[in-house]
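Trainee: Sequence:
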Amino acid sequence: MLRKYSSFYSFRNASTLVSSLDGLNNRTNGDKLLTYSERFSKLYAQSAPETRKTLFVDLVTNYGVNKEALNHAISLYSKNDQMYPEVRTSATATYVNLIKAIGNLPGGVAQVCEMRANILALLKRETDKTTTSYLRHIELATREVLTSWFCLGNLKLERLTWSSPGDILQKVAEYEAVHPVRGLSDFRKRLGPLRRCFYFSHEALPRNPLVMVHVALVSEIADSVQEITKRGDPTGKEEDQTTAIYYSITSTQAGLSGIDLGNMLIKKVATQLQKDVPSVTTHSTLSPIPGFRPWLIRNLKGNSEYPSIMNEKVVEWMSEVSGSKMTETESTETLLKVISNEKTKKEQLNSIKHILMYACAHYLCNAKRNGMALNSVANFHIRNGAELYRMNWNGDTSHRGINNSFGIMVNYRYDLDMVHENSAAYTERKQMKINENVSKFL
Numbered sequence: 001m002l003r004k005y006s007s008f009y010s011f012r013n014a015s016t017l018v019s020s021l022d023g024l025n026n027r028t029n030g031d032k033l034l035t036y037s038e039r040f041s042k043l044y045a046q047s048a049p050e051t052r053k054t055l056f057v058d059l060v061t062n063y064g065v066n067k068e069a070l071n072h073a074i075s076l077y078s079k080n081d082q083m084y085p086e087v088r089t090s091a092t093a094t095y096v097n098l099i100k101a102i103g104n105l106p107g108g109v110a111q112v113c114e115m116r117a118n119i120l121a122l123l124k125r126e127t128d129k130t131t132t133s134y135l136r137h138i139e140l141a142t143r144e145v146l147t148s149w150f151c152l153g154n155l156k157l158e159r160l161t162w163s164s165p166g167d168i169l170q171k172v173a174e175y176e177a178v179h180p181v182r183g184l185s186d187f188r189k190r191l192g193p194l195r196r197c198f199y200f201s202h203e204a205l206p207r208n209p210l211v212m213v214h215v216a217l218v219s220e221i222a223d224s225v226q227e228i229t230k231r232g233d234p235t236g237k238e239e240d241q242t243t244a245i246y247y248s249i250t251s252t253q254a255g256l257s258g259i260d261l262g263n264m265l266i267k268k269v270a271t272q273l274q275k276d277v278p279s280v281t282t283h284s285t286l287s288p289i290p291g292f293r294p295w296l297i298r299n300l301k302g303n304s305e306y307p308s309i310m311n312e313k314v315v316e317w318m319s320e321v322s323g324s325k326m327t328e329t330e331s332t333e334t335l336l337k338v339i340s341n342e343k344t345k346k347e348q349l350n351s352i353k354h355i356l357m358y359a360c361a362h363y364l365c366n367a368k369r370n371g372m373a374l375n376s377v378a379n380f381h382i383r384n385g386a387e388l389y390r391m392n393w394n395g396d397t398s399h400r401g402i403n404n405s406f407g408i409m410v411n412y413r414y415d416l417d418m419v420h421e422n423s424a425a426y427t428e429r430k431q432m433k434i435n436e437n438v439s440k441f442l
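Numbering-wise, the UniProt record's numbering puts 139 at position 139 of the sequence shown, and it's gapless, one number per residue.
Derived by calculation from the structure, the hints in this document are not laboratory data.
Everything numeric in this text was worked out from a predicted model, so none of it was measured.
Treat each hint with caution, since some may be false.
Claimed, not checked - Listed next, the in silico SDA-like pairs over lysine to any residue satisfying Cα-Cα at most 20 Å (straight line):
{"no.": "1", "residue 1": "Lys353", "residue 2": "Ile402"}
{"no.": "2", "residue 1": "Lys189", "residue 2": "Thr243"}
{"no.": "3", "residue 1": "Lys32", "residue 2": "Ser20"}
{"no.": "4", "residue 1": "Lys237", "residue 2": "Gly258"}
{"no.": "5", "residue 1": "Lys100", "residue 2": "Lys171"}
{"no.": "6", "residue 1": "Lys171", "residue 2": "Leu157"}
Using the sequences provided together with the hints, build the complete structure.
Mentor: Next comes the structure, spelled out in structure tokens:
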């Protein structure tokens with residue numbers, strides 16, 4: 001029924017939007033702009049979820065850039081370069097100013113966060129190219145506004161302890177996505193001796209952790225998350241620990257995806273730890289490799305856009321494992337059979353450890369899109385200036401770890417004196433900082 005009359009619904013939404021925002025343009029400011037923002041805020045809040053896509057599209061099509069005004073501003077600028085503010089004002093879409101004004105309403109920042117989460121979800125499902133283009137415009141506008149609102153100066157770093165407010169403790173436990181909390185004793189340990197948990201908060205989203213990180217203070221760069229999360233309290237003195245392991249980073253707000261809060265949190269925590277625990281001089285993650293296993297299966301089946309990892313070296317390794325000479329086709333089929341079976345035993349994986357480590361190094365270092373690491377976690381840390389330091393066999397032996405990456409985990413090491421240089425090399429020249437611990441597998 002809805003699909004049959006979609007054009008009617010679109011017309012109705014558009015007319016409602018236009019009547020609500022009648023007279024709004026990119027010169028509107030002050031209390032008048034705030035009034036328009038209140039109208040749109042109410043219209044959005046009262047709209048049914050299935051009609052919000054139309055609302056966003058109508059907002060972009062009806063309240064974008066006034067081309068005549070922009071052309072006039074460009075003409076003025078061509079005669080007088082002091083008129084560049086006029087070009088900037090005319091080039092700003094009206095809906096951008098409207099979104100900014102919503103942030104001045106009670107609960108407005110939270111609403112814009114919710115809007116962007118809604119837009120990102122719509123983009124994942126949308127197949128129409130024109131609609132996608134409109135949604136990307138509004139997504140970009142909300143992202144830019146949220147980036148300015150959630151800058152480091154507006155964020156508060158807070159340490160979670162067992163004496164923190166109960167509702168905050170509960171939210172952190174529920175939000176934890178990388179290594180889910182396994183009951184009260186597990187949570188106590190994560191907040192106990194030689195452990196830290198930090199999060200960012202924002203006054204516009206009170207009592208709501210935005211992004212959080214769990215840290216273990218240890219004597220060397222860890223290679224097993226089970227060692228960190230195993231039962232019982234860790235032993236040792238805090239002043240004897242030299243390394244901070246960031247073993248879980250979780251963002252809690254879908255609307256803040258891509259705003260770079262995780263990057264700011266890691267560096268802020270690293271700086272704080274150097275003050276609190278001067279003996280800690282090394283900072284490293286112990287990170288999962290989501291997507292490696294399915295990528296390897298696609299790669300071996302020829303369904304990947306990257307060259308197959310099955311070369312003469314791997315064929316030779318497969319022959320050694322099987323005890324007989326194998327062809328490339330036989331090697332591919334045999335390896336696929338082992339890695340495609342979710343019930344494959346650890347002993348079988350151990351027999352092809354060198355092949356999986358080789359494939360993983362290839363995936364992390366060479367599988368790229370537009371010059372950037374295909375793996376989202378690798379791209380995140382290397383873009384932030386970390387070094388791809390080491391791959392760890394049996395780093396995560398849980399079912400989830402085996403299913404994601406055959407249990408392999410990665411250390412991304414943060415040298416605080418080099419992060420800006422490393423980040424620039426990666427973002428500007430597509431050069432990854434790779435330690436010999438990893439490159440030796442290639």
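Trainee: Against this structure, judge whether each hint is valid.
Mentor: Hints, one by one, checked against the model:
{"no.": "1", "hint": "Lys353 - Ile402", "in the structure": "13 Å, holds"}
{"no.": "2", "hint": "Lys189 - Thr243", "in the structure": "18 Å, holds"}
{"no.": "3", "hint": "Lys32 - Ser20", "in the structure": "13 Å, holds"}
{"no.": "4", "hint": "Lys237 - Gly258", "in the structure": "37 Å, violated"}
{"no.": "5", "hint": "Lys100 - Lys171", "in the structure": "28 Å, violated"}
{"no.": "6", "hint": "Lys171 - Leu157", "in the structure": "16 Å, holds"}
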